[in-house]
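S.K.: All chains, please: the whole structure from these sequences, using the hints.
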Amino acid sequence: MFKKILLLCCCLFVCLGTGLAHGASSINKFTYGVNRDNRLRMVFDCSQKTKASAQMSERELTVTIYGKLNDGIAKSHFINNSANIKRISLEPDGKKTILHVKLKKTLSSSDYKLFALKADRVAKRPERIVVDIQSGPIPARRASGSNNNVISTAPRYARYSVAGGIKGKKITLDPGHGGTDPGAQGIDSGVQEKAITLPVSMFVKKYLEDKGAIVSMTRIDDRDVWGPDATDRQELQARVDVAENNGADMFISIHCNANPNRSVGGFSTYYHPKTDYDAQVAQCIQNRLLKTGNLDDLGIRYGNLYVNKRCSMPGALVELLFLSNRREEKLLRSNWFQQKMAKAIADGIEDFYNSRN
Amino acid sequence: MKNWRKVFLTGCACLFLLGMLGGCSQMPQTTNPQDAAQQKQTTEAGGKTAQAEKEVVLYRLPTDGTQYFVVEKVKIKTAKGQEALDTLKALVSTKPGKGIKAANAFPQNTKVLGLTIKDGVAKADFSKELYKKGQGEYEITMLLYSVANTLTEFPEIKKVQFLREGKPVEVLGQMDLSEALVRNKTYIKK
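Here the protein sequences line up with chains A and B, keeping their order. Just so you know, the first sequence maps onto residues 0 to 356 in numbering that gives the first Met the number 0. Just so you know, the second sequence maps onto residues 0 to 189 in numbering that gives the first Met the number 0.
In short, the hints are calculated from the structure, not lab data. Since the model is a prediction, treat every value here as computed from it, not as a measurement. For every residue, glycine included, the Cβ atom is placed at its ideal position computed from N, Cα and C.
Using 30 angstroms as the maximum straight-line C-alpha spacing, the simulated BS3-like pairs for lysine-lysine come out as follows:
1) B:Lys122 with B:Lys189
2) B:Lys132 with A:Lys123
3) A:Lys290 with B:Lys100
4) A:Lys273 with B:Lys188
5) B:Lys132 with A:Lys48
6) A:Lys290 with B:Lys184
7) B:Lys127 with A:Lys123
8) A:Lys273 with B:Lys157
9) A:Lys94 with A:Lys28
10) A:Lys273 with B:Lys132
A few chain B residues that face chain A, going by a derived Cβ cut-off under 10 angstroms, partial list only:
11) Asp63
12) Thr65
13) Ala102
14) Glu136
15) Ile139
16) Thr140
17) Glu169
18) Val170
19) Leu171
20) Leu176
21) Ser177
22) Asn183
23) Tyr186
M.R.: Below, the structure written as structure tokens:
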């Protein structure tokens with residue numbers, strides 16, 4: 000009897016569950032932020048695919064989202080760093096939610112965008128409704144690049160220095176991948192490339208600072224540098240921008256390799272011969288990396304890699320061993336070997352500057 | 000009492016089935032671009048005429064993962080004007096000959112969808128498999144330069160632009176593909 004009741008309960012539960020999934024959508028989370036192009040992005044995390052519509056009236060943008068607002072979400076928000084937006088408020092209206100954006104001046108249709116983003120299982124993101132508003136002028140620094148997606152290939156600063164030793168040199172370190180982009184994955188442990196490039200880069204930072212260099216980082220935690228909604232190109236350009244905006248003398252990107260053939264392994268350092276120094280920087284780092292242990296040498300390589308090519312200052316992209324190789328995966332995960340590789344990279348950079356004296 | 004329970008059970012079962020059906024009806028929404036790609040491929044391969052045998056050079060990836068390409072000379076059947084396309088297809092879809100220490104490392108089901116040559120630039124159109132995420136840098140650079148080097152063996156081709164199902168590709172992994180690739184001599188053993 001008890002079993003039957005349990006079975007009945009299960010049936011009911013499943014029915015209810017399926018019923019709910021087809022019912023009304025609900026808004027479970029509301030987030031917003033203003034990026035450096037003065038674009039306000041508001042994101043509504045929805046329980047399922049949800050319809051929405053936008054209407055511009057006199058100094059107010061109204062967006063109707065066909066989902067019920069969860070009780071825990073605050074209804075009124077002030078945007079501090081915006082030139083044009085006064086206040087945003089959320090108004091629950093039965094199964095709908097109405098977003099009111101009070102503006103200082105009426106926007107044209109090209110100044111705001113409403114779109115849906117599909118659920119992303121890899122990044123663990125639900126169905127979303129996104130509202131973008133240009134909340135102020137686009138800063139001149141990025142206007143040409145971000146407005147029409149044309150990215151200038153001309154070096155913006157040709158002011159790097161290679162002479163006078165490592166002391167006082169500005170070096171930008173770029174821990175590869177991060178945020179929604181995990182990079183390659185270790186086969187045995189499942190460790191992600193982004194979780195290795197970050198600690199190694201942080202160690203490199205420490206060693207370089209000990210040598211007197213001034214280090215800037217493209218990221219210091221697990222995040223996308225441009226943002227989670229960036230194209231691959233925007234994400235890489237954002238890393239280049241960090242180096243350019245810091246007036247860096249050198250740009251070093253740190254990655255791990257992978258290959259379907261699990262026996263393949265070794266160190267390789269990529270460069271782009273845009274200056275007379277790139278190949279030499281790569282060679283100095285590669286030489287030091289090879290001294291860390293009995294590991295294969297894949298050499299310094301020309302690979303037409305984005306960050307190498309688009310940075311105006313000399314630099315290299317280091318591919319630390321292979322996550323697909325059993326022995327190397329273990330090494331990459333171990334703290335002492337991460338430090339050892341980091342020291343080798345920092346020593347290699349110092350070797351380069353010493354050779355220029 | 001027993002009757003009531005039977006009715007209730009049947010009711011529940013019906014509801015459950017309905018729920019399942021409802022769930023299933025939403026499933027097959029996505030279309031598979033692979034099918035479309037395959038169709039294009041077959042129609043393309045259909046109208047070939049007067050084939051002749053020609054010796055061409057393929058740049059293959061070494062099995063031991065070392066830094067240089069393995070150069071293989073093969074004989075392919077091809078028609079006039081189709082040499083570069085057929086060579087590319089041979090590179091992507093055939094295995095290296097016996098005794099050659101090289102591998103076909105293109106991701107499974109990668110297909111050449113087309114090749115057009117204009118003003119020295121070859122636009123090589125591949126199916127989406129080639130551009131899958133999470134490939135290592137070694138593999139990506141080697142694969143794309145194996146295409147660029149194989150195609151630039153033809154005197155009329157100086158650069159290679161990569162397309163993904165007809166659309167230009169900007170970036171793959173860390174590689175900048177927004178401009179056409181030139182031949183990479185650093186991957187060829189001197």
